[in-house]
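K.L.:
With the sequences and hints as input, model every part of the structure.
Each chain is listed here by its residues.
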Amino acid sequence: MNATDDGDVILELKDITKAYSGIVALKKADLKLRRGAVNVLVGENGAGKSTMMRIIAGVERPTLGEIWMDGERIHLNSPADAVRHGIGIVFQELNLFGNLSVAENIFATREITRGLRGIDHKAQVEKANEFLNRLEAGISADTLAEDLPIGQQQLVEIARAVSLDTRILIMDEPTSALSAAEVDVLFRVIADLKARGVAIVYISHRLEELMRIGDYITVLKDGQITGHAMVKDIDTRWIVRSMIGSDAKDFAKQVEHEPGAEVFRTEDICLPRAQGGYAVDHVSIGVRKGEILGIYGLMGAGRSELFECIMGRHEHYTGKIFVEGEELKGRDTTRRIREGLSLIPEDRQREGLVQSMSIADNLSMASLSQFLKAGFHIDLKREKEAIANAIRNLSIKAKNPDLDVTSMSGGNQQKVVIGKALMTGPKVLLMDEPSRGIDVGAKADVFRTMRRLAGEGLAILFSTSDLEEVMALSDRIAVMSNGRLVMVVDRKDATEDMVISASAEGHKTKRMHA
Amino acid sequence: MTTATQTAATGNHLSTGAALLTLMKLRTFIALFAVIIFFSIFAPNFLSTANMILMSKHATQNAFLAIGMTFVIITGGIDLSVGSIVGLCGMIAGGLIMYGVALPLGYTVYFNVVEVAIIVAIVGIVIGAVNGLLITRLNVAPFIATLGTLYVARGMALLYSDGQTLPNLTGREDLGNQGFSYLGSGSILGLPVSVWILIVVALGAAYFARFVPLGRHIFAVGGNERASRMSGIRVNRVKMFVYMFSGFCAAIVGLVISSELMASHPATGTNLELNAIAAAVLGGTSMSGGRGTIGGTIIGAFVIGILSDGLVMMGVSSFWQMVIKGLVIIVAVVVDQAQRRLQQRVTLMQMAKAG
Ligand SMILES: Nc1ncnc2c1ncn2[C@@H]1O[C@H](COP(=O)(O)OP(=O)(O)OP(=O)(O)O)[C@@H](O)[C@H]1O
Ligand SMILES: [Mg+2]
Chain E
1 MNATDDGDVI LELKDITKAY SGIVALKKAD LKLRRGAVNV LVGENGAGKS
51 TMMRIIAGVE RPTLGEIWMD GERIHLNSPA DAVRHGIGIV FQELNLFGNL
101 SVAENIFATR EITRGLRGID HKAQVEKANE FLNRLEAGIS ADTLAEDLPI
151 GQQQLVEIAR AVSLDTRILI MDEPTSALSA AEVDVLFRVI ADLKARGVAI
201 VYISHRLEEL MRIGDYITVL KDGQITGHAM VKDIDTRWIV RSMIGSDAKD
251 FAKQVEHEPG AEVFRTEDIC LPRAQGGYAV DHVSIGVRKG EILGIYGLMG
301 AGRSELFECI MGRHEHYTGK IFVEGEELKG RDTTRRIREG LSLIPEDRQR
351 EGLVQSMSIA DNLSMASLSQ FLKAGFHIDL KREKEAIANA IRNLSIKAKN
401 PDLDVTSMSG GNQQKVVIGK ALMTGPKVLL MDEPSRGIDV GAKADVFRTM
451 RRLAGEGLAI LFSTSDLEEV MALSDRIAVM SNGRLVMVVD RKDATEDMVI
501 SASAEGHKTK RMHA
Chain U
1 MTTATQTAAT GNHLSTGAAL LTLMKLRTFI ALFAVIIFFS IFAPNFLSTA
51 NMILMSKHAT QNAFLAIGMT FVIITGGIDL SVGSIVGLCG MIAGGLIMYG
101 VALPLGYTVY FNVVEVAIIV AIVGIVIGAV NGLLITRLNV APFIATLGTL
151 YVARGMALLY SDGQTLPNLT GREDLGNQGF SYLGSGSILG LPVSVWILIV
201 VALGAAYFAR FVPLGRHIFA VGGNERASRM SGIRVNRVKM FVYMFSGFCA
251 AIVGLVISSE LMASHPATGT NLELNAIAAA VLGGTSMSGG RGTIGGTIIG
301 AFVIGILSDG LVMMGVSSFW QMVIKGLVII VAVVVDQAQR RLQQRVTLMQ
351 MAKAG
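Those protein sequence lines, which keep their order, are chains E and U.
Sequential numbering of the first sequence, starting at 1, is according to full-length UniProt numbering.
Sequential numbering of the second sequence, starting at 1, is according to full-length UniProt numbering.
Source of the hints: derived by calculation from the structure; they are not laboratory data.
Note that beta-carbon positions come from the ideal geometry of N, C-alpha and C, so glycine has one too.
You can take every hint at face value.
From the derived model, a few chain E residues whose C-beta atoms are all more than 12 Å from chain U:
1) R34
2) L135
3) D142
4) R273
5) F322
6) T449
7) M498
Result set (EDC-like, lysine to aspartate or glutamate): computed pairs, CA atoms no more than 20 Å apart in a straight line:
8) E:K14 / E:E60
9) U:K25 / E:D404
10) E:K397 / E:D222
11) U:K25 / E:D402
12) E:K289 / E:E326
13) E:K14 / E:D81
Label-pair distances were calculated between CB atoms; the ranges are:
14) U:A141 / E:A388: 36 to 42 Å
15) U:F29 / E:K384: 25 to 31 Å
16) U:L175 / E:E326: 56 to 62 Å
17) U:L274 / E:N133: 52 to 58 Å
18) E:Q355 / U:G190: 44 to 50 Å
19) E:E267 / U:L138: 30 to 36 Å
20) U:E115 / E:E267: 52 to 58 Å
21) E:K384 / U:A19: 29 to 35 Å
22) E:A80 / U:L20: 26 to 32 Å
23) E:K384 / U:E115: 41 to 47 Å
24) E:D268 / U:L133: 34 to 40 Å
P.N.:
Structural data, given as structure tokens:
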């Protein structure tokens, strides 16, 4: 770890302290970013990674401390300042204008104009498509941003940042909604940028990604730097140890209990796509009491859409859904929840959280009817207890549950969304990428909770793009590809190769085009 | 050395900043006391009991509308029709007392005062339900839907009596519909009846917002409609409720005003919706939805009520009154924004110093 000071420093944070109401997010932290290298930043949820990046991007100002660039002290008072200094960022939470097209998003604030004739939309779309193709995103630049699923929105964000042609490029969990194939493409783009001398900051909770792409690694813990090394000198055990101070807890292992009778079944669920074809293509699947069914698939495989159909979100799906042998009628989310279904949505900002409410109110908003006295009066004491329980069970880092939910780090917000769904006391739990953005320790917590709930008789369907996760956690593995359910196997009989090749099945023809 | 001076300066900023922040947080209260103190010095008789009661009656009218408006604004909507509902409900109350309801066979039914009040309240709720249906079922933007009902309800109020005032709503002993004046002029323990009703409605609304699931859901819907829907909240039901409740509040005001004047005039309540919005905003309700309190709104309504009456008593011309009222509203919102920024800065300094 002595040999870490070689390399060519472009930006340096010195003694940076950042305080929010009630919490110090960064305490005298130092950071050096090197040119032509991938500078990795890791740490638990709430360690202060995003805060540090927001400071470099000029979004937040440090309470104390200095920023030096190329040997000169600089002041970043606004995002525009940062852009002037050649700093670009992909934020952890998506930041697109939903009502604008992808091209307009990519060129926002630096539109291509033709003198007095205004914005040259055609040129913008062409240029934007170029960037998107480099990422093999398969997105057309004239679609509206809000019509894209979250993974594709993330690709648009990345395309925008790459197109800025910056000297420093920060990526705060850019792959949290991407699957293996997209990650590979992104890594090729990063390698290319690196070769051109760009300093890249890369934040992720997927440790194997860090090992693959990183050159330098810095570990943050509770706002302080606790480790710095070259990636080639270390392994994932080292990362985990410096991050959480001990070795990783194992993913919860399968408990040997026999799943019970089938509680949930879908028959022939179909959801037509606007452009023709099916987003969900005749999916029939069953889950038994106490069973965890992992659904693996690439981006756009139709997992989220399947979950949304099951929750009654789409008016025009066809097919049947049964809970405990009873067919569910209607297309009404409220009723589905009452009938024992619950969904943890993939996009926590748009569909999971109410940003203007406190942590506590977010947790209890879906389950208020459980705390009623006399049919209408909420028993605040019981509500409070339940909230405290949820915070404890999921180890949510919330000093005071009455603070705004937006004051928490991304990973902790995700845990609030999970907690909210669990508090409704469902029979069948649908989890769409539940581990998105949560750290290794917390992941183990969430998985243990899933195991415990399954042990108590809950049926769980969860989707993931993480192979290791689906192999470690599922009793049975289903693979979806291009809307179709291509394989369902027992965990015992599954191999990684089987799962990977199945997930590509429906995409073969589509990938050729791209 | 530089560090030392810096710390000292920080310390100074900190204490003044914190003090300023406390002031700003209490700004609605301070505004209330400021107007009271100001007028008690400059307006003769301002502090007399008679004037206090008169002013509280006026402020009460604003407060009713503002309570309903607060819920509507928290869901992210707006209700422009309340002023017109006040007018129409007043006319219906007057009509029911004076003429009753003519049945086809030449009979006329008269209702006693309690029945009249119930019927009028239902009319208010029904107009609110029309707003709600337009917004939830037909997807009309709240601003447009309630602008439409603003005109329709006002037009109907004018049509009802061909624009005439219905005077002398004393009722007749033989018809058993006397006593309408109690609502507007009666008093219990020295406080006007309408103030008592306000206390009940306000406490009820505050209780509802905190202790009843539907009340909590109002905040969720305004904060993030999509997430609310995914959490199983019946968004349409919540919206229907807030517009119906707003209509109900407007109906009460219609009754109170007619009862006080013992006459119904079809133009009653014109522009009252703007006072209600102003009161809610003064009380800290966020126009973008998701945040607001009943307590703040009530104080806001009293600030606006006292301000209007005080200026009248001082003999300020009605043109200047408008200018002043507008300025107060703008200043309130500016202070609100400044408070948010200052709050951040103060906590930053505090924490950085401590850490
Ligand atoms: N606007 C804010 N107001 C108050 N506290 C905040 C605010 N933003 C962040 N924090 C706090 O600062 C700390 C650091 O948050 P940050 O978002 O930097 O964490 P992170 O390392 O990016 O975590 P994650 O992996 O979950 O994204 C957290 O404890 C968080 O609660
Ligand atoms: Mg973060």
